[in-house]
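Trainee: Single-letter residue listing:
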Amino acid sequence: MKFFLKHFLLLLVVSYLSQLAVFMISKAVLDRYSQFRLTRFYRNPKHSNFILGNSRAVNSVNEKYANEKLHVDVINLGFNGMPYSSLKPILDDVNKLNRNVTIYVEISALVNNVFDDSYAYYISNSPELKKEYKSTPFNWLQLLRLNNEIFLRNIYYLRKSDNDWINNYSISKALIEQIKNDKRAIVTFPNEEELMARIVQIQRLCEAHQNKVIFFLAPYYPDYLKQMADYKRVTDHLLSRKDIVYYDLNTLPLPPNSFADRLHTNVSGATALTDFLLKTIKE
Amino acid sequence: MLDYSFGIAIFNEKNEWKKKRLLVSAIIINLGVLFFFKYFNFFVDSANHLANEFGLSVNLPILNILLPVGISFYTFHSLSYTIDIYHEKLEPTKDFVAYASFVCFFPQLVAGPISRARDMLPKLVTPRKIDGELMVQGVSQIILGFFKKMVIADSLAVFIDRIYGSLHVSSDLSILFAVIFYSFQIYCDFSGYTDIALGLGKVFGITLKVNFNRPYFSKNFSEFWEKWHISLSSWLRDYLYIPLGGNRKGAVRTYFNLFITMLLGGLWHGASWNFVIWGGLHGTYLIIQRLVKIKLPVFLAILLTFSLTTLTWIFFRSPTFHDSWYILQRIFTMESYEILLIFAFLKLVYLVIALLILEIFFYNHFERINAKAFIINIILIIHLLMFCTYSGNGFIYFQF
Chain A
1 MKFFLKHFLL LLVVSYLSQL AVFMISKAVL DRYSQFRLTR FYRNPKHSNF ILGNSRAVNS
61 VNEKYANEKL HVDVINLGFN GMPYSSLKPI LDDVNKLNRN VTIYVEISAL VNNVFDDSYA
121 YYISNSPELK KEYKSTPFNW LQLLRLNNEI FLRNIYYLRK SDNDWINNYS ISKALIEQIK
181 NDKRAIVTFP NEEELMARIV QIQRLCEAHQ NKVIFFLAPY YPDYLKQMAD YKRVTDHLLS
241 RKDIVYYDLN TLPLPPNSFA DRLHTNVSGA TALTDFLLKT IKE
Chain B
284 MLDYSFGIAI FNEKNEWKKK RLLVSAIIIN LGVLFFFKYF NFFVDSANHL ANEFGLSVNL
344 PILNILLPVG ISFYTFHSLS YTIDIYHEKL EPTKDFVAYA SFVCFFPQLV AGPISRARDM
404 LPKLVTPRKI DGELMVQGVS QIILGFFKKM VIADSLAVFI DRIYGSLHVS SDLSILFAVI
464 FYSFQIYCDF SGYTDIALGL GKVFGITLKV NFNRPYFSKN FSEFWEKWHI SLSSWLRDYL
524 YIPLGGNRKG AVRTYFNLFI TMLLGGLWHG ASWNFVIWGG LHGTYLIIQR LVKIKLPVFL
584 AILLTFSLTT LTWIFFRSPT FHDSWYILQR IFTMESYEIL LIFAFLKLVY LVIALLILEI
644 FFYNHFERIN AKAFIINIIL IIHLLMFCTY SGNGFIYFQF
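Chains as they are written, first to last, in our numbering: chain A, 1 to 283; chain B, 284 to 683.
No lab work stands behind these hints, which were simulated from the structure alone. Treat the hints with caution; some may be incorrect.
[Stated by the list, open to error] With a cut-off of at most 27 Å between alpha-carbon atoms, the simulated DSSO-like pairs for lysine-lysine come out as follows:
(1) Lys6/A <-> Lys630/B
(2) Lys630/B <-> Lys2/A
(3) Lys6/A <-> Lys655/B
(4) Lys630/B <-> Lys160/A
[As the list claims (entries may be wrong)] Okay, the calculated beta carbon distance ranges per label pair:
(5) Glu68/A <-> Leu611/B: 41 to 49 Å
(6) Ala185/A <-> Met284/B: 26 to 34 Å
(7) Gln178/A <-> Gly529/B: 54 to 62 Å
(8) Ser449/B <-> Ser85/A: 24 to 32 Å
For every residue, glycine included, the Cβ atom is placed at its ideal position computed from N, Cα and C.
Just need the whole structure built from these sequences, with the hints factored in.
Mentor: Here it is as structure tokens:
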């Protein structure tokens, strides 16, 4: 038994130290060289415009196009499925590290209450995110922070930037037919009160840091939008409020081939939306 | 309790005919219970379908019952006990607790390996001492099992489930990779479970039967079945193939025996025609292998055996025969090549390569207690932390 306990204890100690070493080396290399959006932000947090939200925000603003063609300094911090619990600490970081900038928030991410452990990857970069993961194993078992898609994307984007990460295909005919034949009512904003409270909270936070916030709703495929039971009520309410700046991008005349699927625009759609958000409304 | 009692009765009975009658009763009761829980609905459903095909309006009722966990495994455990006593390879134990421990030993209860009473009982009736070295080996094997299951099998499952769940919108290349990856998923899922079970056994001082021995490096199908789910294939060989006559009654009878054994081996996995086809294909491979004797270079022989085995897994994984047929059509036409989420896909490729390296260069590292084995354990733990999936996927073989 003594032999076993000695071996077992040694295994635990060496495993712990090894995981710490692997984490520190991997994180140091990736923090320095990766071109993944959130890593780029934590390496260089100063920009003039920021985009926040889920995959709909990712596919709404073409960062590369804005930087190179429109000559507007913007970083798209959107990420697939980003929940409010992760968006808020990142927004806090943007606010703390910047003044007099514009922050664009895509509102469909504000109703996602799922806890996503992927952002534990940035615990060491962000004290705000660290608070979010307080009393989870991510705090003391560092290597767990790399067990997610964000880590894989950081490796993948070691040699190239993800500033052009946007769907580059068009919605298929089969999916268009499926959407047309689907008559179910879709509820996108199940808790409107919570959504409004979060919008107000974000507005106040940004104002407190002298930053401007613009809320927007990325467009849905038109036939899908018709099925959204609560869309009109929510968007009318937001448009009627004088204390917030809100744009419903569904009003833009986008052709059907600007969509990649029912929820996301593609490169062509994103270019039009980028023009509108970063050029037209600013002018 | 039934088999325990039958064992004593068979041992005490001197009349050969009565002895046989007792054995047949034990087999009928055991297989009857298994049939009732596992196959009743399947056969009723098939009978209803067949009757409808012939225009008959038959609607036999289907029972709404739960399948007892591990029934296929402990039925075979206890059957081997009774049959071995009949063949006088084993004396019945008077220690009921030891017998019950043999049938219900928790690491092997739900998914094997299927132990033989003559191997296990002596270990349970004799007092065991704490063996530190065996415990260290056990922990190493448990780590390997968790690596295979939680890192490789469950990561592959995410990709495979996505593709199998959306075959019509997936590219042909994605489907092909899902098919290939499934070979590794089922191997890592099942052999991972076995490693955990064997490791736990070692921690308790009991060495269980080895169940896998690098099956995908087999050069032919006979070898594959000597290395894949060894406890089941040897059970079927000893208690089905050999009693049927084995290879002692001419070539045609040998082929028939092989085919029937594999067919029933397929059906043992579950009440579905897909499992029957899977078993039937393996039976056919074994027959063809005996008929066509071509000597291939080792690498080609391994590749051919692996490829043909992978094709059979399509039937094992697909929910319906229609899906299996659709997949076969897609992977043999190959017209679309996109792979979505390339970084997640590359992670899977890396993990499969890591598995192959482990199997080729560090096979059975857990049997040794030295610096090399220690370092491999550390590397496996690091991989567990970095890549394991917390999806809570059950073990595939739990359903059997």
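Trainee: All the hints need checking, so say for each whether the structure fits it.
Mentor: Here's how the hints hold up against the structure:
| no. | hint | verdict |
| --- | --- | --- |
| 1 | Lys6/A <-> Lys630/B | violated, 35 Å |
| 2 | Lys630/B <-> Lys2/A | violated, 39 Å |
| 3 | Lys6/A <-> Lys655/B | holds, 17 Å |
| 4 | Lys630/B <-> Lys160/A | holds, 18 Å |
| 5 | Glu68/A <-> Leu611/B: 41 to 49 Å | holds, 47 Å |
| 6 | Ala185/A <-> Met284/B: 26 to 34 Å | violated, 57 Å |
| 7 | Gln178/A <-> Gly529/B: 54 to 62 Å | holds, 56 Å |
| 8 | Ser449/B <-> Ser85/A: 24 to 32 Å | holds, 29 Å |
When each numbered hint is compared with the structure, violations occur for hints 1, 2, 6.
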